[in-house]
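In order, the protein sequences belong to chains A and B. With this note's numbering applied, the first sequence closes on residue 105, and no number is skipped along the way. With this note's numbering applied, the second sequence closes on residue 979, and no number is skipped along the way.
Among the hints, erroneous ones may be present.
What the hints assert, rightly or not - Below, a sample of chain A positions facing chain B; criterion: calculated Cβ distance under 7 Å: (1) L39; (2) M40; (3) H64.
What the hints assert, rightly or not - Between beta-carbon pairs, the in silico distance windows are: (4) B/L878 <-> A/L102: 37 to 45 Å; (5) B/A842 <-> A/P60: 34 to 42 Å; (6) A/E93 <-> B/L907: 45 to 53 Å; (7) A/R90 <-> B/V824: 47 to 55 Å; (8) B/V920 <-> A/P58: 31 to 39 Å; (9) B/L917 <-> A/P60: 51 to 59 Å.
What the hints assert, rightly or not - Rough simulated footprint, nothing fancy, chain B against chain A, three-plus residues with beta-carbon under 8 Å: (10) 3-9; (11) 43-50; (12) 71-84.
Don't read these hints as lab results, they were simulated from the structure. Beta carbons are placed, not taken as given, at the ideal position from N, Cα and C, and that holds for glycine.
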Amino acid sequence: MSVELSHYLLVGAILFSIGLYVALAKRNAVGILMGIELMFNAVNLTLIAFSRFAESPQPIAGHVFVVFVITVAAAEAALALALAVLVYRNRETIDIDKINLMRW
Amino acid sequence: MEDVGSIVAFWVLSVITVGAALMVVAVRNLIHAVLFLILSFIGVAGLYLTLSADFVAIAQILIYAGAISVLILFAVMLTPRAARDNAETFLQVPGLVLAALVAVTMGAIALVTDWSEATSGPMSETAEAIGEALLDKYVLPFEIASVVLLAAMVGAIVLVRED
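Make a model of the complete structure from these sequences and hints.
What follows is the structure in structure tokens.
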């Protein structure tokens, strides 16, 4: 029994759905950001697995794409955490149930 | 991948990664959740190594396990009076159902599809090839990424500046 592409894709799918649940269900804004990071990781793992196992004229393109995804994820994390700190400064909470100024 | 070592490494790292991600959901303390998230990041870096992606594994350790997790810990520490109980909203059950549906769908696709796998075998070291590709074929996205990082940095500083 050897490790194949589908094993990695399965791990990526499980990791993505755990991240999806965290991003949907957690009450703390920082927790939601943690779920988004988990989803980024799952997608990156899938890209690297395809880059390793699939036949391609450009075998390195998947790696380059992952490097760009990591870059944009870092920028997104910095901005999202700055927003969380800003919301906390104005409202003394980052509980998303209580941040409902725009609720109808 | 036929040798026993890489098979054992894959299963151990998969269990660490998924288990740590499940602990992010389960633990009741937000700080502990961040620590389990770091463990999950390190597990993913190990999985990159089993896929012979050395450069990406090091970048994962440096950026995710190093920088982003420290940023998340900072954000938790900078919100001292916010709730730290890692609780769920009223979306818990719909979120659980949706996540299970996504997992089943994508898992079924991964298992059923007949992926025509390459026989080329593992790559040798990738750092040199990635460097050449970034500065040759992908130089425009590379420059745009630097502008995006600069804009995000300036934006984060302007947002949280006290004046």
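Hint numbers not upheld by this structure, sorted from lowest to highest: Checked against the structure, the hints that fail are numbers 2, 6, 9, while the rest are satisfied.
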